[in-house]
Amino acid sequence: MTDSMERREIRLAGSGGQGLILGARILFEAFAIEGRRASQSQSYEPTSRGGFCHSDVVVSEDLSDFPLVTGLDALIALDQVGFDRSIALAKPDALVIVDTRIDARDAEGRRLHRLPLTERAVVTGSGRIANMVALGAFVALSGFVRPSSLDEAIRRETPEKFAALNAAAARVGLTMGETAAAA
Amino acid sequence: MSTRLTALHGNHACALAAVAAGCRFFAGYPITPSSEIAEHLSYELPKVGGTFVQMEDEIASIAAVIGASLGGLRAMTATSGPGFSLMQENIGYGAMIEAPCVVIDVMRGGPSTGMPTRPAQGDIMQARFGSHGDRPVVALAPASVQEIYTETIRAFDLAEQLRTPVTVLYDQVIAQLLESVAVPEPATIHVHERKWANGAGAAFQPYAAGEDGVPAMVRPGDGHRVHTTGLTHAESGFPTQVPPVVDRMMRRLLGKIDIHAAMLERYETLMTDDADVLVVAYGITARAARRAVMVLRAEGLRVGLFRPITLWPFPEGPLRRLAGQARAVLVPEMNAGQLVLEIQRLVAGAAPVHPLGRIDGEPIAPDQIVAAVKELAVHA
Amino acid sequence: MLDVAPATPFDPKDYLRLQYMPHFMCPGCGHGIALRALLAAVHDCGIAKDDLAVVCGIGCSGRVGGYIDANTFHTTHGRPLAFATGLKLARPDLTVVVVTGDGDCLAIGGNHLIHAARRNLDLTCLMLNNEVYGMTGGQASPTTAATRLTSTTQSGAIEPTFDACALAAAAGAGFVGREVTRQAPALKTLIARALRHKGFSFVEVMSDCTEVYGRKNDLGEAPEMILSQKADMRPEQHNDAPNQPFRPNALPTGVFVERDLPEYGARLRAHAAMIRGDTAR
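Protein chains in written order, with the working numbering: chain U, 64 to 246; chain F, 6 to 385; chain Y, 13 to 293.
In case anyone wonders, no lab produced these hints; they're calculated from the structure. Wrong hints could be hidden among the right ones.
[Unchecked claim] Quick list of the computed label-pair ranges, beta carbon to beta carbon:
no. : chain 1 : residue 1 : chain 2 : residue 2 : range
1   : F       : E380      : U       : E171      : 22 to 32 angstroms
2   : U       : G80       : F       : S47       : 20 to 30 angstroms
3   : Y       : G232      : F       : G54       : 49 to 59 angstroms
4   : F       : P191      : Y       : P21       : 45 to 55 angstroms
5   : U       : A246      : Y       : M286      : 54 to 64 angstroms
6   : F       : H137      : Y       : G149      : 16 to 26 angstroms
[To be verified] Beyond 12 angstroms from chain Y on every Cβ pair, some chain F residues (computed):
no. : residue
7   : E198
8   : R326
9   : A377
Positions of the beta carbon are idealized from the N, C-alpha and C atoms, including for glycine.
Chain U extracted, bound-state conformation (with noise of 0.2 angstroms):
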């Protein structure tokens, strides 16, 4: 079984309403794309808005694997309180994503990136995209899925209208990425 055949557990995490089960569907297509198999769920209230939120993202081949994440390979996070909530989850070596206006103390360790996502998001077209830029700068730091995958799946998941937004956002984080991997 070669590395990239991993069971491989992600998160997106914060609050209702940041676009989270959609970035997740969009991962999920990503993978699906590469002809991985992938298992996503979410934090499921009765309430639609605002407070704690997260949907994951769990890939193995094994179809009968346990579908819910045990130990997170990648945590996003788009403000303090998914952080919060997610962060004891993250494995001791795992890859995390947060806003620069996340306190990430807690992080100890972990492969911390705390990027612009929010701020770049707003110049590129509106602070809903933060979750486009976010999987953008995930691919780039993550390696588990290729960028024509995102791009791809963003397109396929995303309505007609929004689909270029969604697409530039997504390249904005790469570039993030990118230039943080090199850094």
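Fit chains F and Y to the supplied structure of chain U, relying on the hints for placement.
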């Protein structure tokens, strides 16, 4: 390639599988976390000439489903704990009059209103004993979105073949999970046609069965004008309280499950051949158990998994055989200890059987099972 | 469905399962008159026995269906309208008649009545109202009149009663009527009109329970109870003058509602066709 991969949520897979299995009638009432099944079918059924109706409650929903079944259609309802409780009387009626139908129960935290958005496995004994009196029971327990698809189709096939309600039990986690499903081509999906009565004449006995224990069903309008009643009835279909007749009819009704035991049996094993500790788990918990077995095997512990897919009737023979070789049996489930009672009964002292219950609305994690097995392995 | 009665005379034996006679109903029970009126109406409408489905609930009324030589279903207590809804939606070709009672239809099954009326599916519901739970030993029902003695109102009933017809009408039924068993020909005509009506039709049949209700309340034998219906009921021609010459609280008889409303089954099928059209594009 006769299949295609499609990303589906569990409840969506259930709805599509029902349509693929020939379901042409759905009646239901909104309840979390099963409502997506109704939502999808409200759109999918009309497309294929089927009927979707939202009823005034769950009692009416299962009643309408049985009514449509009596009319000749493959029919289904879907609900969750509180609704499943309300349906029990009419599920018993369906078993008594032998009306094929499928009941989906997406299990959530109970009792009472409990935790509508959290998973549980607390309805499995209700599926077995929830309706008053003795009745034939068939219940299936899929563990993945893929299996929700295949087991929903199998539920229709078993219901139609055995002329009885079949329950599919899965929990909120799988219901809301998105997974890739290999959706078979329609031509490859086979559901047996209900055995229809084609005899004629005044001597026709609607509840007389041959060796398979399943009487042919009368389709209204086909010439047999028969009586259908939830009262204990004779072969004629009319009520009786004559003890030998009642005994004969009840034994036939219950016995048709035994006759078809081989057809009903479905289970999966993982590394059980040399297992000192046997884990018995179903549904989402079986997937946690599977991960636990992999982890424990990597550490050199001889652990195996027995996963019933047909929950009722329980695959007794295979379980007894495997438990007989083990030094301990562990039964993790999201309830206070339900299937463990059946396993204790079946193993009957051949090995100690331990419960591992979780009732806080969280799924059982692989680590929990790993720790419990290690504890057993130390003492085994 | 015939608009006028066929030339062949009505013979109840043609519509009964004679092998199950004698029936189990008590001497003087009004349900037998209701059964005969239903069968005569079926005959008048020219409904073939193979195309007739009779769905019953539980109680004395629930046993009426078993004597009819048709597709008969004895279901669970209070739920016959829900079973019938599934059957009729699955098989629009069948004429589906529900026979229920005051307890079956108004107490345990009340929710199903109002929603069946609201949906307006093409069902004919006959509610045999004998003001009591006869089969279980004479307990009070939602139509037991105040002061009446029953086995659960030993010193007289105190609850207000339901006006089932007003309930069905308010819930949206397309056809609503009431008749007494004393007026058997009028009852037959009313049921025939209900059968011909396209949509949910509700017929309340004022029946008598001689054995457990009549006896307990000293209402006399069957003939006296039947005759008393004249005093308790207001025939249709007097509905416009509620205070004369009958008692002010007398229940009116006749047809109260007859309106053309969209029938649910047809509506559902048209809606399905629309969805299919949408997806074909």
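Hint-by-hint comparison with the structure:
At about 31 angstroms, the CB distance of E380(F) to E171(U) agrees with the hint of 22 to 32 angstroms. The beta-carbon spacing between G80(U) and S47(F), approximately 27 angstroms, falls within the hinted interval of 20 to 30 angstroms. Between G232(Y) and G54(F) the CB atoms are about 57 angstroms apart, so this pair conforms to the stated range of 49 to 59 angstroms. Between P191(F) and P21(Y) the beta carbons are some 54 angstroms apart, a value that agrees with the proposed interval 45 to 55 angstroms.
With their beta carbons about 59 angstroms apart, A246(U) and M286(Y) fall inside the hinted range of 54 to 64 angstroms. Roughly 21 angstroms separates the CB atoms of H137(F) and G149(Y), a value that falls within the hinted 16 to 26 angstroms. Under the 12 angstroms C-beta cut-off, the non-interface status given to E198(F) relative to chain Y holds; the minimum distance is some 16 angstroms. With a minimum CB-CB distance of about 41 angstroms to chain Y, R326(F) clears the 12 angstroms threshold, and the non-interface call stands.
Every Cβ of chain Y is farther than 12 angstroms from the Cβ of A377(F); the closest lies at roughly 44 angstroms, confirming the non-interface assignment.
Figure legend: structure checked against the earlier numbered hints; every hint is met.
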